[in-house]
Every structure is written in structure tokens, then in C-alpha cells.
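Student: Spelled out from the first residue to the last, the chains are:
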Amino acid sequence: MAANWWVAPAPVTRRVRAYFAPVNRATQTPVLFDAATQGTSFCLDAPPVPWIGLGWIEDFNRQPLSKTAAVQTGIPAAALQQVRETLGAQVSLQFLSWTKLTMALATGSQHMNLLAPASGAAAAADGAQAAAAVVVQSGSTATSIVLAAADAAPFGAGQIVAVDVDNTGQTGFVGSPVAGAYLRSALSDVDYVRRVTFNLAPVAQVTAAGLTLAAALPGGVPVNGMKLQTVRGFVDREGGSFYQEWSALFVVEGSQGERIFFHYPRLQSMSSAQESSLPLSGKQQNRLERVLLKGQFLALPVSDPLDGERVVCYRSFLPAANALV
Amino acid sequence: MQNAKDSFYMALRTRLAAIDPQRAILLRGAVRPGILVEEAEAPFSQLPSDVFVLRWLGLGVDVDLGSAMAAEQAEILYATCGTQRFGGLDRGRMLSAMDEELMSMMQPFHTPKLNYLATPPAALLTQVFWDEPSFAPVSVQRDRLSRSATVTVYSYQEQGE
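If you're matching them up, the sequences are chains A and B in order. For the first sequence, the working numbering gives the first residue as 1, with consecutive numbering after it. For the second sequence, the working numbering gives the first residue as 1, with consecutive numbering after it.
No lab work stands behind these hints, which were simulated from the structure alone. Small disclaimer: the values here were computed from a predicted structure and weren't measured. The C-beta atom is built at its ideal place from N, Cα and C for all residues, glycine as well. Incorrect hints may have been included.
Unchecked claim - Covered, in the sense of this in silico footprint (three residues per stretch, anywhere, with C-beta under 8 Å from a C-beta of chain A), are these stretches of chain B:
no. : region
1   : 64-71
2   : 121-127
What the hints assert, rightly or not - For the chain B half of the interface with chain A, some residues (derived, Cβ under 8 Å), not all of them:
no. : residue
3   : His110
4   : Tyr156
5   : Glu158
6   : Gln159
Assemble the whole structure, with the sequences as input and the hints as a guide.
Tutor: The following block contains the structure:
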């Protein structure tokens, strides 16, 4: 009854999932995805380090911007060959969840943490002067922060904390492990790096010895000199000169187990913060709506070490088992 | 197509046994997980309570593909009168429990296609898959609450089927 092959039609899928990995902005080094070694084992619910899940996305649209031109020769002129004049691509999508990462990626500027304010601090649009940070003690891990007992006492389960270094007047890209901003000149705000850092996690439990985090810090084990502050929320601005950049991986899983990977080693946000609304029920227009984050991105090129070609995207396909190719 | 229907039913049955082992039915002298295929049993005067009944309805076929695709519409019916212990006053809760069990049974939304004519069942090459169930409103008949959910089950026809 069973044959040993079958002709697979076009993949049928439910939705697309997106994954993020940080780009080293200083060296312009992206995270590369190898579909041959990681494609089959890539767990969609628990992606391998350094990939971070961004959840489901909608309206995923890839738009190639590369232009080709024909080299004409002869009388009358006819195409002799083609050349690629420009290289480029854009990606647009809608995130189905609001998180630090999805908000940051869907805005064309730096994305900041609203740090818990100091008592009596004057109001500011980016968040008031923050309450003093506490020192992360040695022995901390990505999921367990060791604090002095007095420092741990004010924290509570359910809070979000930011862990990063003080701003001591440094310039250039700041934030760990993701560059959250670029400082052209020194700033006086000692908490600035923690305002822009992506090194956040929610607190699961507080003990006299410190905090147990509900998720691992994206930056891993805190390094010496890092401090911790409570985050109330997030804020971004229309304007500014910083563009978020990330290594992106979009995964389409077909009904037969086949997988399509779209890997953009370098994607930069290219539009300001936008939202769209999606009615929860088609019969109840203008009532309950889901607010989605819209993102539009420009793909930047990398040089493929295989042959030195400049490329902006890799599309990989892992066929279903026993499917004819 | 029968292989797809069998595989879908067996997937739900296996999942139900894991989700709620207590939901069972005594049928033809055997205790089985609480889901049955209506067309594979003797006709019922009234569908049994507190079990899921799978009924096959429409069928569509797309032959303009490398492998023909069948789309079979399944209706899953379930009803409850609640428990004697609470005098039936928990019938709403019992129906909600069955709603949740059905959603759990449906996920993941695919299962390997097997040929159950063979012993043991022979694995075929493709997966049977389906979309989210569409739940109908509750129907009330005296103290009996019932609901149905419909789902379209897709499968590819393989060589030899």
C-alpha cells in the first residue's frame, strides 16, 4: 500500500514565526543561520542561543528591491547579458505581541526602558530621574541575581528589571547584548545605558539573597560592574537618528513538516512606530480590536564567505520526508 | 481518504486518553476512550452523553496538484447532563470541560497518516492536518446541554490509496 515517495504540492502553513539575534554593531557582525545544521533541529518554541523568539507575525511581506539591467549590443540592439545594478530588499510584517523586542524592532529609533523614578523626581517624557540602581554581586547567573539583603528587599515578584553598566561618559554603541543606542557625545545620565538596554527579565521570586528571574537575561551572566533597576514600561520617540539592527530569521513550517527559512543577516528598522488594529470579531467592527505593531525593515548586505558575493537574504527549504524534489 | 479519517480519529482518541483518562465509554463490551465514530457504530436513538461523537459530513477534492488533496468536514458532537453528585447543576461546567478537552485534542493540528487495515498499522508518507474547530452555540434540551464543533481535515492521496 505504502509508496516510498510522494509528490508534495506547495507548502500549506498556518502563520510565520520570527526570531531575533543581536548584531554586533561595532563590527557589523551578524548572527548567521545554517539551515543544514540547524534547520531540522531548530525548535520553534525554544530556539537555540542566540536566537530569541518574537512570536507569531502576520502580513509577512518580502519585497525585493534589486534591479537588473540588460547590456544591449548589436543593431538593432538586443540583450547580450544581464547585470545587477542595485542590491536591496525590504521586509514588512505585523507583530502579534508587544514585548520589549518587538516594540523596539518596530520603531525607527532607540527604544527606552521607563525606569522606576526616584521619590519626588520631576516628570520627564522619557521617564523621570530613576531611583538609584543596586549593585549586582558576584555569583550571579543569567537567571539568578545576587544582591545585598537590603538591596533585594524593595523588589517584588512580577516586576521587570534591567541589568547593565553605568553610563560613565562612554560614546559609541551602548547596551548589552544588543546595542540599544549610539552615543555621539558623552551624556551625564548615569542610568542611560540601563534606559536603552535589552538586558531585561521579569522577577519570579525575591529572597534575602537576591532575585530569581522568570527568564534568562539575554546578555547571560552579568559582568562585573553591572547594576540593576526596576522597569515600569517602555517608551520610544518619533525622531532621533538611531536605527535598530538585528539578524532576522523567519520560519514557515508546512503541514507536512517541510520548513522554509528566510534569513536576513542584517535588518534595519526603516519606519517610525506604527500600529494597526485588527477587530477581534468580524461581526463586531469598531468594537474590540487587537492592536498590532507594524514593522518595516531594510535588508543590508553581507559578504558571503563562500564566494565573496554580496547578498541580503538567504532562503532555505527543507523538504518534507519522502517528498520528491 | 479512509486512512485520513481513521488517522484523525485515532489521533483524537489517543490524545483524549492522555488528557482525561476518566472520560471513557463502555461500548460493545469494551471500555474505550470517550470518543467514537458515529458511522462505525450501530445507530443511536440519542447520542450518548459525556463522550465525543465524530461524524463525517462534506467532502471536497482538489486534483489539480502533484498529489490530490482531500478536504473532509468532520463534526464533533458532545452533550452532558452534569453529574448526579451535583444534581446536574454542574452541567455548564461539564460542558466547558469538554470544550477545553476538545481544543486540547485538536493540538497539534496534524498527525501522521497510517493505514489501519494493516496490523500493526502501517505508517504512510504524509501527514493529515486540519484547521481550528468552529464551535456552534450550546443547544439546550431540558437538562441536557450539547454542542458541536466542525473542522476540516485535509490529506494528500498517496500512491496505492
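Student: Taking the hints in turn, state whether each one holds.
Tutor: Here is how each hint holds up against the structure:
no.	hint	in the structure
1	64-71	holds (count 4)
2	121-127	holds (count 6)
3	His110	holds (6 Å)
4	Tyr156	holds (7 Å)
5	Glu158	holds (5 Å)
6	Gln159	holds (4 Å)
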